Each structure stands twice: as C-alpha cells, then as structure tokens.
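Novice: Going down the list, the sequences are from chains A and B.
Throughout the first sequence, residue numbering follows the UniProt record's numbering, covering 1 to 541 in sequence.
Throughout the second sequence, residue numbering follows the UniProt record's numbering, covering 1 to 541 in sequence.
The hints are simulated quantities; they were obtained by calculation from the structure and are not laboratory data.
Some clues are possibly wrong.
You can't tell identical chains apart in this list, so a pair holds if it fits in one copy or across any two.
[Said to hold, decoys possible] Straight-line Cα separation of at most 27 angstroms, DSSO-like style, residue types lysine-lysine; simulated pairs:
no. : residue 1 : residue 2
1   : LYS404    : LYS2
2   : LYS373    : LYS46
3   : LYS468    : LYS404
4   : LYS404    : LYS253
5   : LYS515    : LYS253
6   : LYS253    : LYS468
7   : LYS2      : LYS515
8   : LYS46     : LYS515
9   : LYS524    : LYS2
Just so it is clear, the structure is predicted and the values come from calculations on it, not from any experiment.
Below are the chains, spelled out letter by letter.
There are 2 protein chains.
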Amino acid sequence: MKSTMQDTPLSIGQLVRFGTSIHSSAEVITWSESGPTTVTFGELGKRAAQLAHALRSIGIDGDQRVATFMWNNSAHMEAYMAVPAMGAVLHTLNIRLFPEQLTYIAEHAEDRVIIADASLLPLLTPLLPTMTTVRHLIIVGADPSDVQAPEGLEVLGYEELLAGQPEEFDWPELDEHDAAAMCYTSGTTGDPKGVVYSHRSIWLHSMQACMTDAMAVAQSDKVLAIVPMFHAMSWGLPYAALMVGASLIMPDKFLQPAPLSEMISTLRPTAAAAVPTIWQALYAHLGEHPIDLSSLRDVVVGGSACPPSLMRAFHEEYGVHITQAWGMTETSPLGTSGRPDAGLSPEDEFDLRCTQGRFVAGVRARLVDDAGKELPWDGTQVGELEVRGPWITGSYYRNDAPDKFDDGWLRTGDVGTIAPGGYLRLTDRSKDIIKSGGEWISSVELENHVMAHPAVREAAVIGVPDPKWDERPLVAVVVRDGVTVSAEELKEFLDGRVAHWQLPERWTFIEEVPKTSVGKYDKKRLRSTHADGRLDVIELA
Amino acid sequence: MKSTMQDTPLSIGQLVRFGTSIHSSAEVITWSESGPTTVTFGELGKRAAQLAHALRSIGIDGDQRVATFMWNNSAHMEAYMAVPAMGAVLHTLNIRLFPEQLTYIAEHAEDRVIIADASLLPLLTPLLPTMTTVRHLIIVGADPSDVQAPEGLEVLGYEELLAGQPEEFDWPELDEHDAAAMCYTSGTTGDPKGVVYSHRSIWLHSMQACMTDAMAVAQSDKVLAIVPMFHAMSWGLPYAALMVGASLIMPDKFLQPAPLSEMISTLRPTAAAAVPTIWQALYAHLGEHPIDLSSLRDVVVGGSACPPSLMRAFHEEYGVHITQAWGMTETSPLGTSGRPDAGLSPEDEFDLRCTQGRFVAGVRARLVDDAGKELPWDGTQVGELEVRGPWITGSYYRNDAPDKFDDGWLRTGDVGTIAPGGYLRLTDRSKDIIKSGGEWISSVELENHVMAHPAVREAAVIGVPDPKWDERPLVAVVVRDGVTVSAEELKEFLDGRVAHWQLPERWTFIEEVPKTSVGKYDKKRLRSTHADGRLDVIELA
Numbered sequence: 001m002k003s004t005m006q007d008t009p010l011s012i013g014q015l016v017r018f019g020t021s022i023h024s025s026a027e028v029i030t031w032s033e034s035g036p037t038t039v040t041f042g043e044l045g046k047r048a049a050q051l052a053h054a055l056r057s058i059g060i061d062g063d064q065r066v067a068t069f070m071w072n073n074s075a076h077m078e079a080y081m082a083v084p085a086m087g088a089v090l091h092t093l094n095i096r097l098f099p100e101q102l103t104y105i106a107e108h109a110e111d112r113v114i115i116a117d118a119s120l121l122p123l124l125t126p127l128l129p130t131m132t133t134v135r136h137l138i139i140v141g142a143d144p145s146d147v148q149a150p151e152g153l154e155v156l157g158y159e160e161l162l163a164g165q166p167e168e169f170d171w172p173e174l175d176e177h178d179a180a181a182m183c184y185t186s187g188t189t190g191d192p193k194g195v196v197y198s199h200r201s202i203w204l205h206s207m208q209a210c211m212t213d214a215m216a217v218a219q220s221d222k223v224l225a226i227v228p229m230f231h232a233m234s235w236g237l238p239y240a241a242l243m244v245g246a247s248l249i250m251p252d253k254f255l256q257p258a259p260l261s262e263m264i265s266t267l268r269p270t271a272a273a274a275v276p277t278i279w280q281a282l283y284a285h286l287g288e289h290p291i292d293l294s295s296l297r298d299v300v301v302g303g304s305a306c307p308p309s310l311m312r313a314f315h316e317e318y319g320v321h322i323t324q325a326w327g328m329t330e331t332s333p334l335g336t337s338g339r340p341d342a343g344l345s346p347e348d349e350f351d352l353r354c355t356q357g358r359f360v361a362g363v364r365a366r367l368v369d370d371a372g373k374e375l376p377w378d379g380t381q382v383g384e385l386e387v388r389g390p391w392i393t394g395s396y397y398r399n400d401a402p403d404k405f406d407d408g409w410l411r412t413g414d415v416g417t418i419a420p421g422g423y424l425r426l427t428d429r430s431k432d433i434i435k436s437g438g439e440w441i442s443s444v445e446l447e448n449h450v451m452a453h454p455a456v457r458e459a460a461v462i463g464v465p466d467p468k469w470d471e472r473p474l475v476a477v478v479v480r481d482g483v484t485v486s487a488e489e490l491k492e493f494l495d496g497r498v499a500h501w502q503l504p505e506r507w508t509f510i511e512e513v514p515k516t517s518v519g520k521y522d523k524k525r526l527r528s529t530h531a532d533g534r535l536d537v538i539e540l541a
Numbered sequence: 001m002k003s004t005m006q007d008t009p010l011s012i013g014q015l016v017r018f019g020t021s022i023h024s025s026a027e028v029i030t031w032s033e034s035g036p037t038t039v040t041f042g043e044l045g046k047r048a049a050q051l052a053h054a055l056r057s058i059g060i061d062g063d064q065r066v067a068t069f070m071w072n073n074s075a076h077m078e079a080y081m082a083v084p085a086m087g088a089v090l091h092t093l094n095i096r097l098f099p100e101q102l103t104y105i106a107e108h109a110e111d112r113v114i115i116a117d118a119s120l121l122p123l124l125t126p127l128l129p130t131m132t133t134v135r136h137l138i139i140v141g142a143d144p145s146d147v148q149a150p151e152g153l154e155v156l157g158y159e160e161l162l163a164g165q166p167e168e169f170d171w172p173e174l175d176e177h178d179a180a181a182m183c184y185t186s187g188t189t190g191d192p193k194g195v196v197y198s199h200r201s202i203w204l205h206s207m208q209a210c211m212t213d214a215m216a217v218a219q220s221d222k223v224l225a226i227v228p229m230f231h232a233m234s235w236g237l238p239y240a241a242l243m244v245g246a247s248l249i250m251p252d253k254f255l256q257p258a259p260l261s262e263m264i265s266t267l268r269p270t271a272a273a274a275v276p277t278i279w280q281a282l283y284a285h286l287g288e289h290p291i292d293l294s295s296l297r298d299v300v301v302g303g304s305a306c307p308p309s310l311m312r313a314f315h316e317e318y319g320v321h322i323t324q325a326w327g328m329t330e331t332s333p334l335g336t337s338g339r340p341d342a343g344l345s346p347e348d349e350f351d352l353r354c355t356q357g358r359f360v361a362g363v364r365a366r367l368v369d370d371a372g373k374e375l376p377w378d379g380t381q382v383g384e385l386e387v388r389g390p391w392i393t394g395s396y397y398r399n400d401a402p403d404k405f406d407d408g409w410l411r412t413g414d415v416g417t418i419a420p421g422g423y424l425r426l427t428d429r430s431k432d433i434i435k436s437g438g439e440w441i442s443s444v445e446l447e448n449h450v451m452a453h454p455a456v457r458e459a460a461v462i463g464v465p466d467p468k469w470d471e472r473p474l475v476a477v478v479v480r481d482g483v484t485v486s487a488e489e490l491k492e493f494l495d496g497r498v499a500h501w502q503l504p505e506r507w508t509f510i511e512e513v514p515k516t517s518v519g520k521y522d523k524k525r526l527r528s529t530h531a532d533g534r535l536d537v538i539e540l541a
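Using the sequences provided together with the hints, build the complete structure.
Specialist: Shown next, in the form of structure tokens:
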C-alpha cells in the first residue's frame, strides 16, 4: 500500500530558494585583511542565480563537475548554492593535497570549470597544464588577464562573469539521488577516493546538523565555520545554515590563532567547528592574549579525537564546552554527537564527553573483529567500526575499493569500543594501533595521557619494530615554549595512568608533529622519518 | 551522474531499533488513577517485538490495517512502534468522531484488527457489528471474555497475546514510500478523508520536530504529549521521541485541568503540546489552584490559532513561553514554527509570536487568491494558503477530492497573509471568513479581540445572513464564572481595536462554545444552532 504523501524530492534548489527568501536577512560574514565583509542570504540568492546563469553561458548544462579551489568565504558559498541547485556537481578541491593528488582528482572527476581564489593561484596555476579536462578558470579577486593559462583554457573574472546576469534562476526539480557534490578523501594510502553526495544525503544531513542533540544549528546562531569547505563540506554547516537561516562567519585564509581570536572577540560567534589542532593552537595563543569567549554556546570538534586535557582546559579556563563528533568524508560527516544523557555527575558526564559521542538515528553501527564477527556493545571489546545509512557512502566514484565495504556497510578503518547507550570510544585508526606481544596498545590513548602533562604541547605515538614484542610504542613529543621536560619525567607521569606493560620505552623530542592536508597527525610521515633513522630516539629501561 | 551514497530507506523499523537500543533508558510515563506507571524504551522495544509476533500469529503478514482505539499511553506507543515497523499500517481511530464516521473510516480503511483501551469499550462495542472487515479485537486492560462481540470477531486480551512471544523481531527493510500509518481528517464537510503517511514522511517529519527551531525535541526532554495519538499522530511526538531518546509523559484519559496540573507539578515535563482549548481550561483552573510551571521550557500550541491574550497571560503570570505552530492532518502536521528572528524588541517579538510562525525548509508555501493568482508575501494581501513538500499529502486514500489540490499543491482551506520572512498570519478558515459588503472580516481576529476582555472566557464568531451587507458577524460569548459583562461593554471594548465597519452588532451569550472531535470551535454546529433560531441574539445599533 502506497502512502498519499507528495513525491517531492529533497533538493539543494529548494534549500537555496528557502534560505534566501524566508531567511533573507541572515548573513555570511567573510574575514579579510581590512576586516569583515557582510553579505545577506537574500543578496547571496541573487548572486547564486547570476553564477548559475554564468555557468550555463559557458556550457554547464548537465551534471558536469564545477570545481572550487577556495577558502571559506562568501563566493565559495555562492558556488555551494548555485552549482548543485542548477543540476551540476560541485567538486571541492582540497587545496592542501599534494600537487600530484590534485592533478589526479581533477582528471578523475573530469572537472570542466575551476573557480579559484586569487590568493590560491600560486598553488593552482603550475598544475593547470596537467588538468586536461578543465575548460574555464574563474578567478575571484584578481584581474584574469594577469593569469598565465595553458592553451585551451579560458580565464575569466568572477565578478565580470556575474555582472548583468539575471538575479533569479528557476532551480530545476531533480532526482534526489542525483549527484550534488563530491569530495575526495585525502588518501593516506593509495590514490584519493571520491565520495559523491546526493541532494538527498545533503538534505538529510543538514536536518541532522540542526537537530538539538547534534550541532543544534539554529536561526539565532552565528557559526564560525573554521573547518574548510573543501574538507567534508565544512561538516555540512553551509547547507545547515541555509536550512534554518543561521549566519556564518567565514575565516577565508585567516586560520592562524591571532585572526581567529580577533574574529571571536569582535564578531561574537555562538558556535564554532574545527579540528583539534586549531583549538590547540588557539589555546596556546590565548594564554598570552586572553579574550572573552562567552559568546560560544558550543564548540564542535571532530576530524580526530580531542585530547581530554584540552577539553578540560577550555571548560575550566574559558567556560567553553567542547562537543566531540565523529565522522569522515565518507559519512557526510555526522555519525555521532557527544551529548551525554542528562542527570549524570560532572565527572561521569565529562568522561562521556571524552568519547566520540553517541550515534544519531540515521546511522546504524556495528563493531567487527578481525575475523568479521560482530562484537557486543559492552564498552570493552575492541573492533573496527562499520556504519550504514542514507548519508554514508556505499562506494567510491569510479573506484571499486571492495576492501572498504562489508556487505553494504562502510568499513571505517576506525577501531574502538561501543558502550551501552551507543557511546563510541575510538582507540585508534586500524593502521595506527600498536600490536605488542599479541596485545593491542592504542596510540591515541597514550597521546592523550602524555598531552595531559603541563609541559607538553603535542604528542604523537607510533608503533616501531621491536625484536621481542613485535611492536612497541615510540612517543614523539613537542614541548611547550619556555619549559623543559625529560623522557624520564614523562614516563614517570604515565606510570599509574596506563597499564605497566604499555609504558613506552622509546621517546623522541621534535619541533612539530607532521600534519596531513586536513590537519591530522601524519603518522605515516612520522613512521617513515623514523624508518629513515632521522629521529633521535631516547631508549629508557 | 548518480551519487555514491548508500540507498538505505528511511524506516520506522530503524527508528524502533535505534530508540530502543541507544536510548533504552528513556521512558514512557503513563498517568493512571493510581499515579504514573513507567516503562523504558528498552522494555518497549521488547514488547513491540512481542506485539509484532502476536499480530503475525493472527494473520497480519502484509500491509493490512491495524487500528487503535486508544488514549495516549504506553500500549498505544507499542502499537506505534510494532505495526509500521513490521510492515503493516497503523490506523489511529479518532475516538471523538461520530459513530457513523467511525463506521465509515473502519470500513473504508478495511481495518483487520482493532487494539482498544478497556475504558473506551462503551464507545466502540456498539459499533463493532458495523465494522465488517475487523477480524480481531484486542483489549488492553480488561478481561476479553467480558466483551460481547458479534459473530466472526475474535476478542483477545493484549497481555495474554503478548505473553511468551519472542522479545526480538527482525524489523524488515521496506520501501520508504510504503504506507506506515493513516489518519482520517475529522471532516467537517463530507465524509472523513484518509491521509496515509509513509515511512519516509514520518522519518523526515521526526527530524524536523527535533530541529532546534521547530519543537527542539531532545534527549534531555520529558514531553507531555497531550495532543492525542489519534490526532495527526500526536503531532509526531512519539516518533520524534524515539529518534532522540526523549521521554514521554502520556496522560491517558486524564485530560481535565486538575490531573494535567498534577502531571505538570509532579512529573515536571520540559515541554508540552496541545490545542489552545486545553491551555485555556488549564489557565482557568490555575487561577484557583496555582502550581509551579517552571519545568516547561516550551509549550507548543497548534490545531487552531492561540489567542494572544492567553499567550501573554501564560508568559506574564507563569513565565511559560507558548510557541505556535501551524499544521493539519494533511501536513503530518508541522508546517510552520513560531520562532521569530533574534534581536527584536519584546513587543515586535511578541507580535511575531502571535503569528502562526515561519515555514520550515521542507514546506513550500504560496498564497492564492479567489482567481488562482499567486499573491506576494507582503503581510497585507489575503489569500488561501497552498503547500507542497515531502510530508504533505498529495491525495486522499481512495478519495479523489480534486478540489483539495491545485497542480500538485495542497489547498489548505486556511486563509491569511504571509509577511516578508515567511511569517504566516492566518485570519480564518476559508469557510469561516465573513464576507461583508464585498470586504472580508476575519472571524478569528474578532474572537481574539473579544477574548482579550478580562470577563470573557471564550468567544466564537460566525457569519450570519444580513439583508444589506450579505453577511455580518455574530459573536457568541462565554463569560467567566462569577463576573458579568454586557454586549454594549464588549462592543465598546472592540472600538478602536478593529476597523469601525467591522464592529459586530450581533451578540449572544452561551454556556460553552461547541467543539469538534479534535477540540476546535465547531462553527458549523454554531451556525446551525443559530439557523434553527436556538440562540438569543442581542442586536445593537
């Protein structure tokens, strides 16, 4: 028996139509050298219509890929609106990928147009000759005639292209399963793999982001979207903002602690979202340059586990609540949200806040052991997390990768436990876990304990070969400016905090932990630096 | 180009699986003569599985209709969970319909099973011989052998049927467009019409209900669901609660002000939802029996417009915020939510709170005049509201009703304006508006102004024939206990509040405004009482 409900598709076109009319006074505020510039959703709607007409005029009339090579700013928001709403596919190029990866993904996605920020041209122009499917480069913020382009590639100015185009566009009704946007994983192993979001998945994910127990994005919010729009769609914040009329603060290229701190103190965001490394750097900066953080009702941290010491410090020193969320490019990204049950003691609540949070209703989860057997949710048994749901990828674009899927479930590569109540506690990436004498040691747990030491700014733990135990942990430590600490002191600090057999013997002091393109610890690089004998390792008894 | 997202359907089965595992400690608290009884979501999950097995055992193996004839209570919640999740269709019979309407809808929907509360048997048993498709009657809370049933109808006890059934059920993966539940409109004109919700529409609507700017249902909530589960699915609250693990307080048959007041003071709900008449009655009761209402973060009022005087009184006297929402059985029901933009003056904010609120992203709206022309959203021009979206009905079950649809849009029968920002201000039902000398007078606006007088408890305005103006308003007034007021005084009170030509000449004082089965003013009955000459009408100059 069929329902009598209307069969209207979920579409970015409706999201754009809605956000720019009902919430026309909401704003996108972009930071710049000369301070913030503001544009309303109403104005954005007109400019998105102009962009769509302009793209039609240069031949985008189907599902061609329109790429962006941009910071978080209002022009990028216009591309987020216009490209999927007109029926084309938005491909957000990750500016932090290595050159050969960028070439690979532009070729693999067959990008036809790239819209690029002028400030990023030095990274992009050397690659243009290798991106053979690109016909048009549209420059935001610079004179297109200054750009040297290879033959067959036309360079256009963004504002010149929009000028004079009609300010309305009749956004078509599309199949909600059609592609709306795509994003490639940064690919620490093998080639980057493309995830293609649908109008449906983006719509559902936006609703999830606005649910009170998830990111609670609301009309009264001003969301500081630090997480890049080229990284898992800025965790869905641009579309969530359109769905409820929340204003957005976009930092453009100003991702350093000083300008972020200025944005927070002058623009007074109510919420913010970024990876832990951003908050760590900001915290270090705030120690010398304190500001008022009281406008922040919530800070969402994801991408990798947030050190509990950082969560505690932000809460105790600045009254700011950090909420963890777990997700990945493949999961749109919202998979969990770290809001514990009400009515717990402060310590129990904090303990649960240090988990990756609880699964949301649209995401089914299971833990699987090495043999593929499903494990119970007892908070103890460790397995790989597999997930399933309408905003979770079921394949990669033109890339089979059968080892990433298990009977329709996504294998996340994340390893951990699930406690009763659905609290996910990730202990490691499956490739980072340390296998010592048949037992597993979580690199992340060791890092968190080391980082709880007041002299430590950053710590990364990798497994290194050991003749007796197969693998043992090596701790790479970044010490805070102006203080000193020895490996002996740190080992002693860990004693009693971790099981005795887990206490690391090997320590190294480094200037900085290498990071991936998306700001996570790059343990692959750390491992190869160690393998090359380029780390000074102290070995304790 | 297709997306790479998983094609997993939205389904009540997943909602049940999720809510009863991740949020197994959330509760449904049902009121009874001997106080509240509590059952956890975890226990409900087991009982819902038992119910599904029991229904299979009596032949429910496809999309047969399983009807309920029940108050809001935990057994009704079990039916909400089990029936759609197993693939059958839940038909919530509205206990307040007239007998011939109940017969009509049970026959029309071809109900196979009815689950009924013992306390409602006196209403139901006389009708059983007329419900020819029903094979099983399942009684909650009484001995089935006490029930006299017509031949061919087997009477079963709910608990006896569940006892011994397995406590797990492998909820099937269904097509999300399949029917999950159905609800008939109360049908003030013609036969009741059936709206059939899909798994998809219920899922999307539940997400909407949990969005911060809508009903903000969250894990930390205890929602007092006064609005009946047989009336537009209790506004979606049962499924929204499952989606986030909010606890529910169910009043069963205790809908009078005294027990509701006791539920609020002893169980301390954080949110509540009901039609305005419930709040009016509660307000009158509270005057003599004040209680602490401070646990209520939000009270959602819908079904008909809430008198501004009542909103102001609750806010000023009890600190309780009333939020209006507009919807109907045909819209699942959430169409708008009354949360104004931030940063307004208190008076401007209150003024916008008195509208029906703003449309939510999933609902497209337009105003259409008598000639079918679309009107601008200028807050002035009055037309009929038409809506479109994935949780809005596009037809009625086995009933064409072409006059209810306009090129794929639902004609709501509601008349009003839409202001910039999408604020809907309903002035009337299209059939209740008073056409006086070519101009329209809103019966609802007049009612609100009359009800702002301190001596008035209720006021209903209908159009009555007038030889000169075609129609003129007649005001039916219910005066508060222990006070008196004259028609002259009330007319004088209106002077200056409404345009002079709108001032009503005709007044009548009555004991109570007749109500429809769902608690709305029954103006059809008031009109016929007047037409029969059974109202004492005072006619002023």
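Novice: Where does the structure disagree with the numbered hints, that is, which hint numbers, in rising order?
Specialist: Checked against the structure, the hints that fail are numbers 3, 4, 6, 7, 8 and 9, while the rest are satisfied.
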